[in-house]
Structures are given as C-alpha cells and as structure tokens.
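Engineer: Each chain is listed here by its residues.
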Amino acid sequence: MNTCNHRWSMINIQSGYLVVEGCHRCKARSSFFSTETVPPVDDYQQGEHFWTYLGSFQAVKFDLACDRCQEVVDLSDMMGLMLSTCRNPECEVARIAAGGGRGTWVYVALCADSTHASGKCVSDAGIKALAEYFNGNIKDPDKRIIVVPCIMCKSIDTCEGIVIADTGLTDIY
Amino acid sequence: MKVSELAEKTGLNSLNEYKDREIEGVYISDMVSDIITGAKANGILVTLQTHKSLIAAANLVDVAAVVFVRGKKPAEDVIELSQKAGIGLFVADVDTWSFAKKLNELGIK
Numbered sequence: 008m009n010t011c012n013h014r015w016s017m018i019n020i021q022s023g024y025l026v027v028e029g030c031h032r033c034k035a036r037s038s039f040f041s042t043e044t045v046p047p048v049d050d051y052q053q054g055e056h057f058w059t060y061l062g063s064f065q066a067v068k069f070d071l072a073c074d075r076c077q078e079v080v081d082l083s084d085m086m087g088l089m090l091s092t093c094r095n096p097e098c099e100v101a102r103i104a105a106g107g108g109r110g111t112w113v114y115v116a117l118c119a120d121s122t123h124a125s126g127k128c129v130s131d132a133g134i135k136a137l138a139e140y141f142n143g144n145i146k147d148p149d150k151r152i153i154v155v156p157c158i159m160c161k162s163i164d165t166c167e168g169i170v171i172a173d174t175g176l177t178d179i180y
Numbered sequence: 043m044k045v046s047e048l049a050e051k052t053g054l055n056s057l058n059e060y061k062d063r064e065i066e067g068v069y070i071s072d073m074v075s076d077i078i079t080g081a082k083a084n085g086i087l088v089t090l091q092t093h094k095s096l097i098a099a100a101n102l103v104d105v106a107a108v109v110f111v112r113g114k115k116p117a118e119d120v121i122e123l124s125q126k127a128g129i130g131l132f133v134a135d136v137d138t139w140s141f142a143k144k145l146n147e148l149g150i151k
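So the sequences go chain by chain: A and E.
Convert by adding 7 to the 1-based position in the first sequence; the result is the number in this note's numbering.
Convert by adding 42 to the 1-based position in the second sequence; the result is the number in this note's numbering.
This is chain E alone, in the form it adopts within the complex (with noise of 0.2 Å):
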C-alpha cells in the first residue's frame, strides 16, 4: 500500500509534499533516540512527538512517512525539513492506539 492511500483509507490530513512510496512496515515511537535503532526504511512512523530531532533520526532510517497523532502538528521548520527529506508529515485526530489498530486492520504491520 502506497502512503496516499494510507492517508486517505484512515483519514490522514497531509501537512506537506512527499515521497509517495509503498509501505513496508509500522514502528510506533516517541523516543528519538529509540527510532535509529527500531523504525526500518519505507517504514511509517507514528508518534507524539514533534520535535525536529525526530525528522534528524527518521531520515537517517529512510522512514517513508510520520503520522503524528492526537492532532498533534509540528512547527514549520519541522515541516520544511521533513519536506526537503521527503517524508511525508500527517496528523491523525485518534489516539496512538486507536490509530494502530486501523493499521492492523490495513493489513501494514
């Protein structure tokens, strides 16, 4: 599944323009430190965290996308940077769990 249809199956609001790649898996984190060591590459990442360090060690690993939710929104420069990496930025209105759970039912894993 392609992140685009990710977001629009589950309700994502886009906050800038990426990469539309194929999903390969899900890693839920909001440890910074934790992401280079746990999410792989073409990987979504789902978070509460927006601080910019997050976008520094998500495009270190080559994740694909970051949902933020809780509608939580990052601030700008987080979304330029993201931007200029090609990650695609998305907020999700649910919470971390209800949000893993439509995952689960999409079949990403």
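Bound-form chain A, shown alone (with noise of 0.2 Å):
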C-alpha cells in the first residue's frame, strides 16, 4: 500500500477536441477526445449503437503525477469536469454539495458513456487524485472541492451544472 502524502503535477497535457456522439437507436451519449487537427464528424455503427456526431469542443487532458513517490494516475477515462448546481434532492451529487457548506464546490468528473451500461465510469483512484491535486493548489482556507464520478449524478444528461469546455470562437462574446 502507497502511504505517500502525494503532491500531484499535471503530465501529459494535451490539447484537443471533446467529440460528443449520440445513438439514435438507445439515445445514449458517448464522447472521445481527439487530437486531430480537426475533430471527426463520421457517422458508424459500432455493435448496436449507430453513432452520430453532436458537436465539438475544444479541451485540455492530462494525467496526474505525483512529484514525491512518482505515482501516474492515468486519467484517459476522464473527458471533462463540470462544477455541479444540481439541486435534484433525489441526486446523490446534490445531497453532497448541499452537505458540505458554504465554501464547498463539488465538480463531477464525465467519463465518456452516459449511460454507463459497463458499470463503469471515471476510476476511483482519478477521483481521489484528482480531488487531492486540485485541494492542494487552493491557497483560500473557507474552499474546498469535491470530485465525485459522474455516476454518482442521478441522470447525467439532466444533471444540472456548467462544463468546463469551449464550445467553440463564437461562443467568445
């Protein structure tokens, strides 16, 4: 067991595009990051899903490292962040936000299946990294961030809340 009091950097930062499909056969939402210069907007079949393409944005990822025991937390499962407002009290994401008092911000960590039919989602080990890389950097004592997997969200495609993403030059007003 790593008993490290970890200090995480960000590595392997890599600039690009959040590519959202949608299924017209089940309505799920699916996303990849790309690299290309310009993001992929081909439609195909992929088992029983027909993936459509939904849009674009511009995006950051990373990995977290840490600077004391060297421990990588790959975090490729991670397509976004999104600081929650939700207020749905049948949402597990809101009762946490709501809990922690003023001064607590809860962000939900996407992963790229909404509808998380393999049970999967954004690693716990991310989660925690993450949660310890941004608290970390705070310097304001009343501030604390909550990462939570976006599984936690009763529905993620109605959860309420604000990406952090570009939506692209002509959303700059």
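Read the hints as simulated data drawn from the structure, not as lab findings.
Please read these numbers as outputs of a predicted model, since none were measured by experiment.
Hints may contain errors.
[As the list claims (entries may be wrong)] If you anchor each label on the Cβ, the simulated ranges turn out as follows: (1) A105/A to K143/E: 41 to 49 Å; (2) Q52/A to T138/E: 40 to 48 Å; (3) T165/A to L90/E: 30 to 38 Å.
[As the list claims (entries may be wrong)] In silico DSS-like cross-links for lysine-lysine, where the CA-CA straight-line distance does not exceed 25 Å: (4) K146/A to K61/E; (5) K150/A to K135/A; (6) K135/A to K82/E; (7) K82/E to K146/A; (8) K143/E to K114/E; (9) K135/A to K161/A; (10) K126/E to K150/A; (11) K146/A to K44/E; (12) K44/E to K150/A; (13) K68/A to K94/E; (14) K115/E to K126/E; (15) K114/E to K44/E.
Glycine included, each C-beta is placed from N, C-alpha and C at the ideal position.
Using the hints, put the two chains back together into the complex; each one sits in its own frame.
Structural biologist: Encoded structure:
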C-alpha cells in the first residue's frame, strides 16, 4: 500500500477536441478525446449502436503524477469536469453539495459513456488524485473541492452543472 | 500587492464584492479549458471570455480575480457565481496587451 502524502502535478497535457456522439437507437451519448487538427464527424456503427456526431468542444486532457513517489494516475477515462449546480434532492451529487456547506464546491468528473451500461466511470484512483491535486493547490482556507464520478449523478443527461469546455470560438462574446 | 490595490492603480471597475487576496501571479487566456492547466491560486486571470464556465474553471484553480478587458461585462449570473466564490470581477477599458503592460510595470508577472 502506498503511504505517500502525494503532491500531484499535471503531466501529459494535451490540447484537442472533446467529440460528443449520440446513438439514435438507444439515445445514449458517448464522447472521446481527439487530438486531430479537425475533429472527426463521421457516423459509424459499433455493435448495436449507430453513433452520430453531435458536436465538439476544444478541451484539454491530462494525467497526474506524484512529485514525491512518481506514481502516475491515468485520467484517460475522464472526458471533462463539470461544476455541479444540481439541486435535485434525489441526486446524490446535489446532496453532497448541500451537505458540504459554504465554501464547498462539487465538481463532477465526466466519463465517456453517459449510460454507464458497463458500470464503469472515472476510476476511484483518478477521483481521489483529482481531489488531492485541486485541494492541494488551493490557497483560500475557506474553499474545499469535492470531486465525484458522473456515475453518482441521478442522470448525467439532466443533472445541472457548468461544464468546463470551450464550446467554440463563436461563444467568445 | 492586494487585489484592491491593483484595481486602484490600474483604474479597474469592480463588479462585485470579493476576498481581497494577495496577488501571486497572472495568467492570460480566452480558453476555459486552458485555464485549469495554466492559471494558479491567488493569480489574476485576464481574459475576453465572459462565459459562466470561465468562473467554474477559475474557481477550481482558486484564481483571486478576473479582469475582463476591452470593457466587456459578464451577465448577472456570472457575477453572482463569482461573488459566491469570492472571486473579484473587474472590467478594464483597455485591450489585453495594454493591461498586460500595466501589470508588468507594477511588477506582477
């Protein structure tokens, strides 16, 4: 068991596009990160899904590495972060935010598959490292960041929040 | 230098109440996704971008204040979110380059 008091730094920082697709059969949404100059927009079949391009956003991906023990946490399963503003009492994320008190901010780590059909989401190690990284860099003593996986949302498709993404140059106004 | 002192010395217009923190750096970016990898705690963020997602990013990395250049003013919900986060919002009438020169002259880098 690693007993290191980690001091995380961002590594493998990549700029690219977060490409979002939807399956017109099952209404699932999926996303992936592309480092191509122009994001791919092709429709294709994958098993029972027929994926159609819904949109793309300029985004950044990164991993975390501990400066002390050199442990690396792979965050390839995280597509983005969203500040939760959810107030649905049936949503666990909203309950965590409400229970955190003033100065507590809940950010949802978004994985690629909104249906979570496989049961997978952003890894526990990734969630823990993200929380340690952001809280470790905060200098405001009254602020605390909680990071949760999107599988914790009652429905990530309807959960309210502010996604940290650049929706396009036209949105700079 | 505190945020309030910077505002006074550079003629910034304040948009909200904020925590008057000691400035420890500056970052200039108009991309929200870039902010979480580049901006630092207690830093000043200089930008043209007024979208609410900018505040979500600035809050995550604990930015002290955001300066919107060229007289750009964000929507009321952006100001409200910033106030809740204690992040000072300011408007500079000059462009990014001119404001960056002012910061440099004041020794903020």
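Engineer: Hints first: check each against the structure and report whether it holds.
Structural biologist: Hint by hint, here is what the structure shows:
1. The beta-carbon spacing between A105/A and K143/E, approximately 45 Å, falls within the hinted interval of 41 to 49 Å.
2. Between Q52/A and T138/E the beta carbons are some 46 Å apart, a value that agrees with the proposed interval 40 to 48 Å.
3. Checking the proposed 30 to 38 Å range against T165/A and L90/E shows it holds: the Cβ atoms sit about 32 Å from each other.
4. The suggested pairing of K146/A with K61/E holds, with an alpha-carbon distance near 12 Å, which does not exceed 25 Å.
5. For the proposed pair K150/A and K135/A, the alpha carbon gap of about 17 Å is at most 25 Å, so the pair holds.
6. With a C-alpha separation of about 20 Å, the suggested pairing of K135/A with K82/E holds against the 25 Å cut-off.
7. Restraint check for K82/E and K146/A: satisfied, since their Cα atoms lie roughly 10 Å apart, inside the 25 Å limit.
8. Of the supplied pair hints, the one linking K143/E and K114/E holds, its CA atoms being roughly 19 Å apart against a limit of 25 Å.
9. A hinted pair counts as satisfied when its Cα atoms are at most 25 Å apart, and K135/A with K161/A qualifies at roughly 21 Å.
10. This hinted pair checks out: K126/E and K150/A have alpha carbons roughly 11 Å apart, not beyond 25 Å.
11. Between K146/A and K44/E, the direct Cα distance comes to roughly 14 Å. Compliance with the 25 Å bound is thereby established for this hinted pair.
12. Simply put, K44/E and K150/A have alpha-carbon atoms about 19 Å apart, close enough for the 25 Å limit, and the pair holds.
13. With a C-alpha separation of about 20 Å, the suggested pairing of K68/A with K94/E holds against the 25 Å cut-off.
14. Straight-line distance between C-alpha atoms of K115/E and K126/E comes to about 18 Å, which keeps the hinted pair within the 25 Å bound.
15. As the CA atoms of K114/E and K44/E are separated by approximately 23 Å, the hinted pair is consistent with the 25 Å bound.
Of the numbered hints stated above, none is contradicted by the structure.
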